[in-house]
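Number of protein chains: 2
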Amino acid sequence: MKKIHIIGLGLLGGSFALATKKAKPEMEITGFDSDEQNIAIALEMGLIAKSLSVPDKDTDLVILATPVDTLFDLLVKTLDQIGEHTLVMDFGSTKDQLCRQITEHPKRAQYLAVHPIAGTENSGPKAAKEDLFDGNVMIICEMEKTDVHLKGMAYDIFDALNLRLRFMDPKDHDLHLAFVSHLSHATSFVLGKTVIDKTADERNILDMAGSGFASTVRLAKSSPEMWGPIFIENKTNVLEALNSYIDHLAVFRDKIEAGDIQGLKDEMLEANKIRNILNFTE
Amino acid sequence: MKKIHIIGLGLLGGSFALATKKAKPEMEITGFDSDEQNIAIALEMGLIAKSLSVPDKDTDLVILATPVDTLFDLLVKTLDQIGEHTLVMDFGSTKDQLCRQITEHPKRAQYLAVHPIAGTENSGPKAAKEDLFDGNVMIICEMEKTDVHLKGMAYDIFDALNLRLRFMDPKDHDLHLAFVSHLSHATSFVLGKTVIDKTADERNILDMAGSGFASTVRLAKSSPEMWGPIFIENKTNVLEALNSYIDHLAVFRDKIEAGDIQGLKDEMLEANKIRNILNFTE
Numbered sequence: 001m002k003k004i005h006i007i008g009l010g011l012l013g014g015s016f017a018l019a020t021k022k023a024k025p026e027m028e029i030t031g032f033d034s035d036e037q038n039i040a041i042a043l044e045m046g047l048i049a050k051s052l053s054v055p056d057k058d059t060d061l062v063i064l065a066t067p068v069d070t071l072f073d074l075l076v077k078t079l080d081q082i083g084e085h086t087l088v089m090d091f092g093s094t095k096d097q098l099c100r101q102i103t104e105h106p107k108r109a110q111y112l113a114v115h116p117i118a119g120t121e122n123s124g125p126k127a128a129k130e131d132l133f134d135g136n137v138m139i140i141c142e143m144e145k146t147d148v149h150l151k152g153m154a155y156d157i158f159d160a161l162n163l164r165l166r167f168m169d170p171k172d173h174d175l176h177l178a179f180v181s182h183l184s185h186a187t188s189f190v191l192g193k194t195v196i197d198k199t200a201d202e203r204n205i206l207d208m209a210g211s212g213f214a215s216t217v218r219l220a221k222s223s224p225e226m227w228g229p230i231f232i233e234n235k236t237n238v239l240e241a242l243n244s245y246i247d248h249l250a251v252f253r254d255k256i257e258a259g260d261i262q263g264l265k266d267e268m269l270e271a272n273k274i275r276n277i278l279n280f281t282e
Numbered sequence: 001m002k003k004i005h006i007i008g009l010g011l012l013g014g015s016f017a018l019a020t021k022k023a024k025p026e027m028e029i030t031g032f033d034s035d036e037q038n039i040a041i042a043l044e045m046g047l048i049a050k051s052l053s054v055p056d057k058d059t060d061l062v063i064l065a066t067p068v069d070t071l072f073d074l075l076v077k078t079l080d081q082i083g084e085h086t087l088v089m090d091f092g093s094t095k096d097q098l099c100r101q102i103t104e105h106p107k108r109a110q111y112l113a114v115h116p117i118a119g120t121e122n123s124g125p126k127a128a129k130e131d132l133f134d135g136n137v138m139i140i141c142e143m144e145k146t147d148v149h150l151k152g153m154a155y156d157i158f159d160a161l162n163l164r165l166r167f168m169d170p171k172d173h174d175l176h177l178a179f180v181s182h183l184s185h186a187t188s189f190v191l192g193k194t195v196i197d198k199t200a201d202e203r204n205i206l207d208m209a210g211s212g213f214a215s216t217v218r219l220a221k222s223s224p225e226m227w228g229p230i231f232i233e234n235k236t237n238v239l240e241a242l243n244s245y246i247d248h249l250a251v252f253r254d255k256i257e258a259g260d261i262q263g264l265k266d267e268m269l270e271a272n273k274i275r276n277i278l279n280f281t282e
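Residue numbers (UniProt numbering), protein chains in the order written: chain A, 1 to 282; chain G, 1 to 282.
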């Protein structure tokens, strides 16, 4: 394995380039982005060695790291361009629709549907971090539909990047992600909007917002270009998650309104269990 | 100034003790907690030199760092116990009701209403951190009602702890805090509860939850004993904030349902402004 081509030189694509360069310095990394400025930055930062609008025929691996609403067309176009020993994979946060759309494609075996559970609220090539993937989960969907040899090549590089592999049905993936990722992005965007709409005097927000607010609203800084398509494409699951959240909020609000302090404490004690489930660092 | 007495040896009281010990090693710090185990831990950790159920008459400063529903009775009791050169202040996250309740008290001038904008999702004396207050804001309400000399003593110690003083009307304080603190705690508790209720298989949450979810749900680990009384006492403002948030969520949900990607992106672009307002660190 010698050549990787990355389409979409933002946070994920750029971080994959940095991590791969570190783990496998011999790899030749090329890339492309629809934004010429991103290409220039990626070249300057050394994320890619050169920019190519079409990957070389002997490229081993093509990564698609663009917004989810661009992925189907890009995947079909890329499968048409590549040689027979090339694997294509996308990093999209939704997997079900794309897997269904591509299922009958003659080169389906040259595609691997993956989703790295990694990110920050920042976007663009400058946001790339060499350790973004380190120790995190890579979800792989419909692994049985991908050629064994090509898949093995992908697993090698995932291992080199210290990713932990998890295998999952695309429908399950999209439902679970709606609750543990897409929902928290929506709640954070809306929290930011609510507070901005209320508090015209920005100085007051600045002064009184503690680290708790900063943590809760952090994802409100995320890219609308990335998240708009995710919410729309995963609409059914995101709506289920959002409606459930709104129902839970109404219960909480009603308990406050009723002055039901014991009921409130019971709700919060249940929520406290997140402490045992997520063993995350501070 | 030689003696400080701290009632409530949890995160805030304990952190104040640690920071004061560092900034003013000559200070004698005594304390009390309704939980005997907290007293034992505070003594063992050296947060306090000894435990006293009633502060010495020559104590310079008494801090009340207990849940907000206990503060009025505790403040009245403490004002009755202290000498005439002692200042009492509370660290409660709501200020309006307490300021109104205490306004006619004959020793009103010996009370200073403050609220340190500092905290973590952890509670109890073991959660105390020496640098919890460092560089953060201390909000002071109705400063004109406190004796000038006693107030000066408080400002000296706030300066020593590197707190930045802000002066504010208690009603304004409670309204703004509802939006920039109490709301984000409510949204985080409810997010935790929603995800726990949905995802019975904890392993799935653990695997697929990225750092974004962890950040957004962090406050769901907060103490119900502390937060129940805050939500109830600041009910009017918290309900305004929660209802506004639910309205904003419904708008966001409706745009997803309608497939209105441009409308969604506009909402998120507005929310992105939080990046300019809050210059917080990652």
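Check the hints yourself; a few may be wrong.
You can't tell identical chains apart in this list, so a pair holds if it fits in one copy or across any two.
What the hints assert, rightly or not - Below, computed lysine to aspartate or glutamate pairings styled on EDC-like, alpha-carbon distance capped at 16 Å:
hint, residue 1, residue 2
1, Lys-3, Glu-142
2, Lys-198, Glu-270
3, Lys-273, Asp-260
4, Lys-24, Asp-131
5, Lys-151, Asp-197
6, Lys-24, Asp-147
7, Lys-151, Asp-96
Treat the hints as calculated values from the structure; they're not laboratory data.
Small disclaimer: the values here were computed from a predicted structure and weren't measured.
These are the hints, each one checked on the structure:
With identical chains, the CA atoms of Lys-3 and Glu-142 are never at most 16 Å apart, being 25 Å at best within one copy and 68 Å at best between copies. In the homo-oligomer, the alpha carbons of Lys-198 and Glu-270 lie at most 16 Å apart only across protomers (13 Å), although the nearest pairing inside one protomer, at 30 Å, exceeds that limit. Taking the shortest alpha-carbon separations for Lys-273 and Asp-260, neither the intra-copy value of 21 Å nor the inter-copy value of 36 Å comes in at or below 16 Å. Taking CA atoms no more than 16 Å apart as the test, Lys-24 paired with Asp-131 passes inside one copy only; the shortest distance there is 14 Å, against 41 Å between copies.
Within a single copy, Lys-151 and Asp-197 get their C-alpha atoms no closer than 49 Å, and across copies no closer than 36 Å, so neither meets the 16 Å cut-off. Neither within a single protomer nor between protomers do Lys-24 and Asp-147 lie at most 16 Å apart by alpha-carbon distance, with minima of 23 Å and 68 Å respectively. Proximity of Lys-151 to Asp-96 under the C-alpha cut-off of 16 Å is found in neither arrangement, the shortest distances being 19 Å within a copy and 63 Å between copies.
The structure does not agree with the numbered hints 1, 3, 5, 6, 7 stated previously, though it agrees with the rest.
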